[in-house]
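If you want the building blocks of each chain, they are given just below.
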Amino acid sequence: MHLPLKGIVVLEFSQYLSGPCAGLRLADLGAQVIKIERPQKGEAGRKLAIKNLWADESSLLFHTINRNKESFTADLDDPQDMQWIKRLIGQADVITHNFRPGVMKKKGLHYEAVKEINPGIIYTEISGYGNDGPWKNKPGQDLLIQSLSGLTHSTGNYDDNPLPFGLGIADYLCGNQAVQFILGALIRKKRTGKGAFLQLSLMEALIDFQFEFFTTYFQSKRQHKRSAVSNGHSLLSAPYGIYKTRDGYIAIAMMPLQKLNAAIACAALNVFEEKEAFEKRDEIKAIISAHLLTATTASWLKKTQPLDLWVMPVLNWRQLKETDGYKVLQMEQQVQLNDKEITTTRCPVRINGQLFLSAKPAPAVGQHTENIKATLSLKL
Amino acid sequence: MTKLLEDILVLDFSQFLSGPYASLRLSDMGARVIKIERPVIGDICRTLYVSDVKIDGVESTIFHAINRNKESFTADIKEETELEKIKKLIRKADILIHNFRPGVMERVGLGYETVKQMNPQIIYAQISGYGEKGEWKDLPGQDLLLQSVSGITYLNGNQTDPPTPMGVAAADILAGTHLVQGILAALFSRFDSGEGALVQVSMLESLIDFQFEVLTCFFNDGYALPERSAVNNGHAYIAAPYGIYQTADGYIALAMGSITLLGRLLQCDLLCKYDQPSEWFDKRDEIKTILKDHLLTRTTKEWLHILEPADIWCSDVFDYDTLLKSEGYNVLDMEQQVVSGNKKIKTTRCPVRVDEKILKSAKGAPALGEHTLAIGKEFEL
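From first to last, the protein sequence lines stand for chains A and B.
Residue numbering for the first sequence follows the numbering used here, beginning at 1 and increasing consecutively.
Residue numbering for the second sequence follows the numbering used here, beginning at 1001 and increasing consecutively.
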C-alpha cells in the first residue's frame, strides 16, 4: 500500500470528535498519529459512549474515532513530562488541539512557544466559536453550534420545531477541513520549509456548510422557510423531497413537473406550470404525496428511472447493506482489538484505485509511551 | 511564497456543487482554478433555478457562492480543434477535477489513462455518485437521492416522523471536502515521487464516512437500526436531555448533561427522580416529555441565565435574522464582497485562518467564457 503521508508525525492533543477525526484521516493516509493523553484516564472521549456500547475500558465510539493511532501519556503540569513533550514537538510535523481558548497557552504550548522549538511545525487549533467575542468560552458542542448557526431551520417541515441534523456535522466537517489545510500546509512546507498556524472553529465550519443559504439570504434579506410538505431543501421547488408510497418511501429530486406527471400519470398536476413550482410547492407536493401513496416504491421507480428522472428508494442501513451498490464499495473493514474484531468503515478516498485499510486498533492509554521515548532517546 | 497552494493550476470540468466546492477550497488556498465550460450553457449550475432569488434575474445565487475566485474558459470538447486546446492546458495543469458520470470523460478522450499519457504528473480527481462499479454506477448522483439510499434520513426528526433528509446538500459538500483531501495528499507525495495520481471519491462513500460512528455501532450491535427519540430528537444514540425545546418565547438547545442537576437548576422535581444515569438513555422520551412541558413555562433568556453559569451545555436557537445581529457572529468576520462583472455580491469567506490571516478575495464568479481569450494567449493555445 502506498501511503502518501508516510513519515509524517502528528501530535494529537485533541479530544472527542473534531480533532480526533482529523487525526484519523491523517493516520489512514499514512501519518504516525500520536495521541497525547493524561496519565491513567487518558482522553475524555474514552468514557463517552453512545448507546452504552463499550469495546474494552474505552467506548466503541472512542475506538471508532481513534483506530490506527498511538498513545503517549504525559502530565502537562509535570516539568519532566514537559521535557518529553518538547522533544516530541521537535520531531513532529503537525500538532492538533481542540481545547478552549487559552488552555494551551497556560501549558506553554501555544503556537508562539511551539514555533520556538520547531519553526516548521504545522500548528492546528480547533475552537467552538473562534478566539474572540462573547461566545469564546462557551462549550464548543455540536448541537449548540448547529442551534446558533441557523442550521436547524433547514431540516424538517415548515411547522416543525427547529430540527438539528442527527449527526455531529460541525465536529465532523471542521475536522475534515482541518485535514485539508494541514495537507495544504504540508505542501507549502515541502516547497519552502515554512510552518503554518491554522485556526478553525466549529461555527465557521457550519457557516461555510450553509454558504449557499447565507449568500441567498444576503441577496434576499429573507430567512428561508422550509417547505410544509416533504421538505428536502428550503430553496428548492416541488417536487424535491421524500414521499411515502404504499410500502415505503421514495426520494424525488429536481425535475420538471410535467415530466414527472408524464411518468406517474397524476392528472391533478396538469394545471400547474413550471414557473409555479416554487411558489406553489406545498400545494403541488400535497398532490404528489396523495398520488404516490397509491402504489409501491418499486412500481414508481419502474415508471421513472428508465426516463432518467432523479429518483431513488429510501433505504435504512439493513436494506442498504443488502444492495449490490453498497457491497461493491467495500466500505467495511475489520480492526483487530486483542482477540476481538471490530467492524468499522474505511477512509472514503481512493488513490490510484487503492483503498486505505488498517487493522490497527485504537491504543490503550499510554500504550506507546515507552517505545516513543526510546526512539526519541536514540535520535538525540 | 505565502499561499499554501501558490502556482498550482487546477482545471475544473465539474458542475453543480460537489466538484466546484472542492475547487473553491483549492482556490481559497491559493491555487489558480480555471473552470472548463461548454459554450453557451456552461456549468448547469449557472441557471439552476433556486428559490425565487436570482442575481441580475439570470444567474442563481448558488452559482456565485460556489464559483467565486475562479476563471472561466469555454471549449466544445466535441470539436477536434477545441479539444486540442484543452489538451494543451492539461499538459500545464497540476490538478484536473470532474464529476461526470462514469465513462463520460473516457468517451471524449479525457479519461485518466489518456490524460496520464499527456501529463504523467497530473492529479486527476473525480467525484461520482455511487462509485465506478455496481448496479447504481450510472444513476444520477444527486444529493437527496444519495442521502436517501445512505440510511442517513433515519437519523433526523422524531421516531414517528418519516425518513427526514438533512436540508443542506451534505453529500455534495462532504464529497467535495474529501476530494480535496485526496488531491492534496496525492500532490504532497508527488513532490517526492514526481508521479501524478488518480483520486476517486463517491458521494455514497462520503455519506457512509459521515456516519462512521453510528454505522460502527450498527455493525457491532447486532445490526440494530437507529431509533430516533420520540421527543425532540437530537441524536438517535444520545441520552436525554439532548435536543431542541420550545420555551415561552422561542427555543433552547440542551446537549449532554446530568438530568438530576438539570432538575435542581430548573426547579423541576419530577426530573430529580431519575437518579440513575442509565435511565437517561433508557427512559429518555419520558424524561424529555417532562422537560418539554417544564421549559415552556419561561423564556429562553431566563433559562439561559440559570443554566449557563452552571456550565450546562445549552444555547439559544437562532435563525439568520437573529444570528446576524449577534456579536458572536459579527466578530468572526465571515462575510465578504465579491465583484462579478459590474455586480457586487455578498457571500461568505473561507472558514479557515492561515497564519492568523483571514482568507478573502474580491474576485467574483466569472462570466461564461470570461477568460477564454486571455487564457488562450497566455498558454499559446
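Treat the hints with care, since some could be wrong.
Only pairs whose alpha carbons sit at most 30 Å apart, straight line, appear in this in silico BS3-like list of lysine-lysine [unchecked claim]:
| # | chain 1 | residue 1 | chain 2 | residue 2 |
| --- | --- | --- | --- | --- |
| 1 | B | K1283 | A | K190 |
| 2 | B | K1292 | A | K194 |
| 3 | B | K1003 | B | K1133 |
| 4 | B | K1092 | A | K47 |
| 5 | A | K41 | B | K1283 |
| 6 | A | K221 | B | K1363 |
| 7 | A | K189 | B | K1292 |
Don't read these hints as lab results, they were simulated from the structure.
Verification of the hints:
In summary, the hint linking K1283/B to K190/A is not supported, as the alpha carbons are separated by about 54 Å, beyond the 30 Å threshold. A distance of roughly 53 Å separates the Cα atoms of K1292/B and K194/A; the hinted pair therefore is violated under the 30 Å criterion. A hinted pair counts as satisfied when its Cα atoms are at most 30 Å apart, and K1003/B with K1133/B does not qualify at roughly 38 Å. Pair hint K1092/B plus K47/A does not hold up; C-alpha atoms about 51 Å apart against a cutoff of 30 Å.
Between K41/A and K1283/B, the direct Cα distance comes to roughly 29 Å. Compliance with the 30 Å bound is thereby established for this hinted pair. Proposed proximity of K221/A and K1363/B is supported: the alpha carbons are some 23 Å apart, at most 30 Å. Of the pairs offered as hints, the one joining K189/A and K1292/B is violated, with about 52 Å between alpha carbons and a cut-off of 30 Å exceeded.
Consistency note: the structure conflicts with the earlier hints numbered 1, 2, 3, 4, 7.
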